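Listed below, chain by chain, are the residues.
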Amino acid sequence: MFDFLIFICYNSVMITQEKLTILTESAKYDVSCSSSGSNRKNTGGIGNGYVSGCCHSFTPDGRCISLLKILLSNDCIYNCKYCPNRLDADVPRATATPDEICELVIDFYKRNYIEGLFLSSAVCKNPDYTMERLLLTVKKLRTEYHFQGYIHLKGIPRADSLLMQEAAKYADRMSYNIELPSEQSLKLLAPQKSKESLLLPMKELTQQKIRFTEEKRKGQYKGHFLPAGQTTQMIIGASPERDGQILRLTQSLYRKMDMKRVYYSSYVPIVRDSLLPDIPAGQLREHRLYQADWLLRFYGFTVEELLTENENLSTEFDPKCAWALKNMHLFPVEINRAPLELLLRVPGIGAKNAHKILTARRYAVLSFEDLAKMRVALKRAKHFITCNGKFFGAKNENAVRGLLAAAETQDSAQQMDLFHLLSTPQNALISLHGQL
Amino acid sequence: MIYFFDGTKSGFLTAFLHAFDDPDALLTSKKAQLTLGQTPVFIQTDESKAARALQRLRSFDCEFEHDLDFLLRSGMENNEQIAFRYVRFLAKIKRPIRNQLAESDVFAAVECMKKIGLEIHHFHGFIRFMETQSGVLYAPFSPDNDICDLLVPHFRARLPQYPFVLHDVKRKTAAVYDGKNYFIAPLDKADVLLSADETEWQALWKKYYNAVNIPSRERLKQMRGFMPVRYWKFMPEKQ
Chain A
1 MFDFLIFICY NSVMITQEKL TILTESAKYD VSCSSSGSNR KNTGGIGNGY VSGCCHSFTP
61 DGRCISLLKI LLSNDCIYNC KYCPNRLDAD VPRATATPDE ICELVIDFYK RNYIEGLFLS
121 SAVCKNPDYT MERLLLTVKK LRTEYHFQGY IHLKGIPRAD SLLMQEAAKY ADRMSYNIEL
181 PSEQSLKLLA PQKSKESLLL PMKELTQQKI RFTEEKRKGQ YKGHFLPAGQ TTQMIIGASP
241 ERDGQILRLT QSLYRKMDMK RVYYSSYVPI VRDSLLPDIP AGQLREHRLY QADWLLRFYG
301 FTVEELLTEN ENLSTEFDPK CAWALKNMHL FPVEINRAPL ELLLRVPGIG AKNAHKILTA
361 RRYAVLSFED LAKMRVALKR AKHFITCNGK FFGAKNENAV RGLLAAAETQ DSAQQMDLFH
421 LLSTPQNALI SLHGQL
Chain B
437 MIYFFDGTKS GFLTAFLHAF DDPDALLTSK KAQLTLGQTP VFIQTDESKA ARALQRLRSF
497 DCEFEHDLDF LLRSGMENNE QIAFRYVRFL AKIKRPIRNQ LAESDVFAAV ECMKKIGLEI
557 HHFHGFIRFM ETQSGVLYAP FSPDNDICDL LVPHFRARLP QYPFVLHDVK RKTAAVYDGK
617 NYFIAPLDKA DVLLSADETE WQALWKKYYN AVNIPSRERL KQMRGFMPVR YWKFMPEKQ
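Residue numbers (our numbering), protein chains in the order written: chain A, 1 to 436; chain B, 437 to 675.
Just so you know, not all the hints are guaranteed correct.
[To be verified] Derived pair list, reagent style DSS-like, types lysine-lysine, alpha-carbon separation capped at 25 Å:
1. B:Lys657 - A:Lys379
2. B:Lys643 - B:Lys606
3. A:Lys373 - B:Lys551
4. B:Lys643 - A:Lys352
5. A:Lys222 - A:Lys209
6. B:Lys550 - A:Lys19
Calculated from the structure, these hints are not laboratory results. Please read all numbers here as calculations on a predicted model, not as lab measurements.
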């Protein structure tokens, strides 16, 4: 009976190709596309969560398609200086109905095209109205269409907090974009948004999640509350903040707001404005920030160890190498005895390889050849380790410095090409995101 | 000596017992070109011998059966030889060996199993269903390893109300889920009548795929790295 009803409404509201294209084109610059972190079970409807996340396709730009990334509407009343959908921009506008989105999700999902929905919207009419429409769509998808796959919902700043709280019960992950790394920059470039309007909802969601988890533990609350947590995103290079300042903000977001991810997108000028710089920030800076971000989350580093507040990350070395070169007195470490924390700090040894070494050394004393056989990358690592007492790296610090720099150029030669390509006007949109 | 067996688990275990003491043993179930001086031995599967071997090996490592199952599913040219060397090492050490990564026999086997795990994960994403007139979802695909039945639990968990068919066109087998249970059946060719909306949905999906791409940021090599070209054949967006 239920299947039959769905079938009827399916045929009535298939979204048109034009609308789908407009709403996707406006959403595609959003960086986040992960579908991990939710273990929502299937209880009779369609879909479930996939904790590790799952990529369903890859586009020619090398990015994965995991979620159906789409706007409910790209008709915006805000005029953020950097945004391609701002009020003044001359772009085609479209608005989808909740049913059109729901049907699209169900039909794509059952064909295994997507892992779920990433729904966002431009602010149309007012924040409350927009958030209500988003909530309506997500609620419909969960309760009428019985969809139990992944939903990532973008929050609308300045919308009523009750709407936000309600939405969090249906979505797997929510995100409020922090947009720019400081309050002054925000005032200058996105005057309709304020630090409070962005940070307050994040804080509130974090606190509520703690409360709901507690209630759930006691059995007072059944259901979900953002099982995959929150993420956020900011533009790098449109404003004068240094990497040190940005990473301090990141660290506090991870610690205080319990963020799952902070995304960075490097700025490229498309809009000529006296308030915006004419020079693109470059992808290398974004890349370095992500490397440092990983060190904070998975390698036990603190930002204070990496750099001071007024410093930028080195362009020459990756952040871990740069740290190791400043702390040569800690190296070399003996691969057969060093604890995990120290192995993780060796340049060139990642989390996977560190664990591989830990497992393998329980059975045999590892030699340099053994590491090579286990496919542990040694180009950088050999200068910082000894294998059973033997050292295979360069003799003095200057030689190490030179060899590491050479390794870096070699690795990034191809990437660098792409980084330069990006600074053309056609590429400019890439850097942008915001309320897309 | 080359030991030929019938490709089954019991066949492998029987051959393993025969070849155990032969330092130059080569195990295979595939047609192989004999080089000069090699003597082929054709192993007759012996269920009782195999059962005894299995029991003994399981006593060394309770997850042994899973490993052997994975290794025999592999599409690699020399997977049976990798399995043989792995099992022989297990029989010598007499306790679980999968963490002894510095041993090349173990490392080769672990890598081989990892590849299968990775392909299963890939196909959780890359399978493409099409809706047929009867409402059954049909997905043809051609994996490197024999993983057809290993994909079923994933899709059954998320689409419990939709009957589906996963068709491995390379090995000519299919996993069929009827809405309650599933079974494996040989299937050479399937005549599929698509539902009325199917082509339209595929067209929408292609539109989406093209719209979400950023053309000025082309990185084809990266795309092919993540999504190997051999998988594209059954994906509507890559037609």
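Each hint, compared with the structure:
Taken as a hint, the Lys657 of chain B and Lys379 of chain A pair is honoured in the structure, with Cα atoms around 23 Å apart against an allowance of 25 Å. The hinted pair formed by Lys643 of chain B and Lys606 of chain B fails the criterion: a straight-line CA distance of about 30 Å is larger than 25 Å. Annotation: proposed proximity of Lys373 of chain A to Lys551 of chain B holds, straight-line Cα distance about 17 Å (limit 25 Å). In summary, the hint linking Lys643 of chain B to Lys352 of chain A is not supported, as the alpha carbons are separated by about 38 Å, beyond the 25 Å threshold.
A hinted pair counts as satisfied when its Cα atoms are at most 25 Å apart, and Lys222 of chain A with Lys209 of chain A qualifies at roughly 13 Å. As the CA atoms of Lys550 of chain B and Lys19 of chain A are separated by approximately 42 Å, the hinted pair breaks the 25 Å bound.
Of the numbered hints listed earlier, those contradicted by the structure are 2, 4 and 6.
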